[in-house]
Structure formats: structure tokens, C-alpha cells
Amino acid sequence: MTHAEQVQSSDRLVADIIDNGKISGQQLLVVGLCMFFNMLDGFDITAMAVVAGDVAGELQLGSDKIGWIFSFALAGMVAGAMFVAPVADLIGRRRMIIFSVLLVGVSIILTANATSLAEFIVLRFLSGIGAGAMLASQATLAAEYSPEKYRALSVALVTSGYPLGAMFTSVAAGLLLPEYGWRGMFWAGGSATLGMGLVAWLFIPESLKFLITRRPAGALQKVNTVLARLKKPQLATLPGVHAGQPDYRSGLVATMTKLLAPRHIRLTLMLWLACFFAFTTLYFLMSWIPKLMVDAGYSEQTGRDAFFLFNLGGVVGIYAMGILSTRLKLTSVVGALMMSSAILMVVFAYAPPEKDVLLPLILAIGILLQGGFTGLYSVAAKAYPTHIRSTGVGWAIGLGRIGAVAGPAIAGYTILFGFDMSANFVLFAIPMALSAAISHRLHVR
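Residue numbers (the numbering used here): 1 to 445.
It is possible that some hints are incorrect.
[Claimed, not checked] Listed next, the in silico DSS-like pairs over lysine-lysine satisfying Cα-Cα at most 27 Å (straight line):
1. K232 x K329
2. K329 x K149
3. K382 x K258
4. K329 x K382
5. K65 x K149
6. K231 x K329
7. K22 x K149
8. K329 x K258
9. K222 x K232
10. K329 x K22
11. K382 x K22
12. K22 x K222
13. K22 x K232
14. K382 x K149
15. K222 x K329
16. K232 x K149
17. K382 x K232
Honestly, the hints are just simulated from the structure, not real lab data.
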């Protein structure tokens, strides 16, 4: 390696390794594993939506109390994304992912033995912490192993794991609930997630950008191990750091405050607001679709079918968004998809109350809403530089999930006060439309 190569900037070196040449099997493995971990995450967190009626009956809980169980899981995701995920910028993405997978697995298994509202709230909160930290860290790792052109698509693929897992929740419920009850759902999800902790330890590499910029102990050896997996030439020494480069060794608080530095503050505040409104509507639907359908007079199977179709639509929409983002301006795609979903929610509210009409509308809403929503993860992953990327993604997801906490809880009270399914759909179309308008103005390609 020449002297000029040794002193090139860290960011330039990583860009050359990741962006140039063919995509390696290791890069595809990282994206694929992160996507699968998110599938388990989606199953574990949304399992409560399809067992809510059974849990409510056994514990004698009203809609308002079930709403709080939903919301505490989401509050945990807020805490995980905002205060745990940023630690990945200090200790590494790999360690954070392994920790998160284990935390979710253990807490879900313990939830299978819960016998009171208090136990549910505590355990769902812990599961949420792990899920929030995992999602932000995995989106970051996938982005850092993806060439620039395909970065938004990779993040979309990873985040599509969540609705994929949620989609299979309804399938598993049909198989497990009759034989094992609601506790069997948590046993199955928790055991599978815990087992994947070993897979993460064996196959998830550390971020190359993290190793070169943070330089933990043994960084050169670890970098060369990753390069060998990527089938790239080894380094004799780590690249020099120019005086003008960012301080990658900042503490956690300093890293967080960089989000509000003059060059990032407009992006940060608008992204937080867009995420807040989008999460409010998304998690109202993710939490309440099955029960709202049952309350409207449809069978429990129809409620599960609606939940399945909403999440199937989410998978289709996320992939469509990822493909469109390689050709069109990212935030324009996000804004258009989310505004269309808000309009369709109002159409749903006034549609004839026929199952053959409502279920296709639920599918279409899932395609548009979740496709556009997931684009916000890609916006955060593309907009922030490496040294604050996990923090930027984590805080966007975390503050956004305050809306996710509020949405199901508010719906619990609106249902209690007599709002039917149509009225709730119209009400929650409003924050989605606001998120769409803000997202369009972020101007991230």
C-alpha cells in the first residue's frame, strides 16, 4: 500500500471498498440476517394484537387496559431506539444486535408465564427496549454494508422483516392458539428469537465503518477479518485521519447533541415530526385492526385475515419503495405513498361494510402506508454521516415511537367512548397526511 493510500480519509477508504466492485456474498448475508431478525421481532411485538381478546378475557381487562399493554411495548421501543441504540456508535453494531436479540428472546419467553397486568406491562416494555435498539442498529449495519445506489433498498429490505413477521403472526395464531392458547404464541416466538442470538454471534460482522473510524482495540486485525469475508485486499495499516474529519470518539451525549448542530437541525426536527405522525397512525392499525374488525361484527378469523393482509401489503409496499428509491427522489416517493394511504383510509371509512370490499382496501392501505413509512428509515440512514448514523436513526425512530405509544392508547379510549372503526380510520388518517406533507419537504435523494 502506498503512502497516499495510507493517509486517505477513513470515509473515502470505506466508500471505495463498499461502493466499488461486485456486491459480495457477505454483504448479502448481512442484509438477509438483519431482515430475518426483524421478522422475529415483528412476530414477537405484534403477537399481542392477535391474542388481545384471549388475554383480556383471562385477565378481565377492558379496551383501555389492553391499549396500555400495547403502548408500553412501544414505549420500550422508544427507550431502546433513543437511549440504547445510540450506544452502538460507541461499542459497535454487532454487540448491540446480539444484546438486543437476547433481550427480546428472554423477555418474550417470560411473557408466556405472565399472570397479571403489571407483569405484562414490565415484560412488554423490556421486549420493546430490545426491539427498538435492534431495529435501529440493524438498519444502520445494513446501510453501512450496502453500496450508495442500493442503500435505501437494503434498509427497506431489512425493515420489511417487521411486517413479514407480523404477517406470520396471524398464520401462527391459527395454528397455535387452538392447541396451546395465547401463551404458546409467546413460547414459540421467544424460543426462536433466543436461538437466533447464537446465529447473530456466529455470522454478523462488525461494521467496517465503525472499526475504521472508532478504532477499538485490535481494530486492524478486525478490519482485515471483515475484508477477507468481503474478498477485498488486506490493509497493512489503518488509514490516516485528516484534521478536518469529524471527531469519531465523542461520548454518547456529545454524539446525540450533534443531531441538533446547525448543519443537521432542520433535517432532524422535520424527520422527528414526520416519524411521530407516521408512527401514530401505523401503530394504531398494527395494534387494533383485528379487534376493530371483530367489534364491527366480523369473525375473529376475518380480523386475523385483515391483519395478515395489512402486513402483506406492508411487505409489498416496502419492496416497491426500495425499488422506486433507486430511480426517483426518496422523499418524493415517501410523501406520495403516505398521502395516498391517508386518502385511502378515509375511503375505507365510507366504503360499504362488506368483507369483500374492506379486505382489499386494508391490503392497499398496507402497501401505501408501510411502503412510505419505511422510507423514513432510509431517509435517516442516508442523511446522517457515519459517526452519528446509529444515533440519528435511533432518535428518529425513538421520538417517532412516542406517536406509536400514543396511537394505540388514544384508540383504546376512543373505542371506549364509542368511536367505531370508520370514525377511528378517519381520525388517524390526519396524522398520516401531516407526515406525508413534512416528508415531501425533507428533500433527501
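Structure-based check of all given hints:
1. Under the criterion of a C-alpha separation no larger than 27 Å, the hint pairing K232 with K329 is inconsistent with the structure, at around 32 Å.
2. A hinted pair counts as satisfied when its Cα atoms are at most 27 Å apart, and K329 with K149 qualifies at roughly 12 Å.
3. About 16 Å separates the Cα atoms of K382 and K258, which keeps this hinted pair within 27 Å; it holds.
4. Proximity of K329 to K382 is assessed by CA-CA distance (about 12 Å); at most 27 Å being required, the pair is judged to hold.
5. For the proposed pair K65 and K149, the alpha carbon gap of about 45 Å is over 27 Å, so the pair is violated.
6. With a C-alpha separation of about 32 Å, the suggested pairing of K231 with K329 is violated against the 27 Å cut-off.
7. Only pairs whose Cα atoms come within 27 Å are accepted, and K22 paired with K149 is accepted, the gap being roughly 13 Å.
8. Distance hint between K329 and K258 is fulfilled; the C-alpha atoms sit about 26 Å from each other, no more than 27 Å.
9. For the hint pairing K222 with K232, the CA-to-CA distance comes to about 13 Å; that is within 27 Å, so the pair holds.
10. Using a Cα cut-off of 27 Å, the hinted pair K329 and K22 holds, with the two alpha carbons roughly 24 Å apart.
11. The straight-line distance between the Cα atoms of K382 and K22 is roughly 21 Å, inside the 27 Å bound, and the hint therefore holds.
12. Restraint check for K22 and K222: satisfied, since their Cα atoms lie roughly 22 Å apart, inside the 27 Å limit.
13. For the hint pairing K22 with K232, the CA-to-CA distance comes to about 11 Å; that is within 27 Å, so the pair holds.
14. The suggested pairing of K382 with K149 holds, with an alpha-carbon distance near 11 Å, which does not exceed 27 Å.
15. Annotation: proposed proximity of K222 to K329 is violated, straight-line Cα distance about 36 Å (limit 27 Å).
16. Restraint check for K232 and K149: the C-alpha separation of about 20 Å stays at or below 27 Å, so the hint holds.
17. Taken as a hint, the K382 and K232 pair is honoured in the structure, with Cα atoms around 24 Å apart against an allowance of 27 Å.
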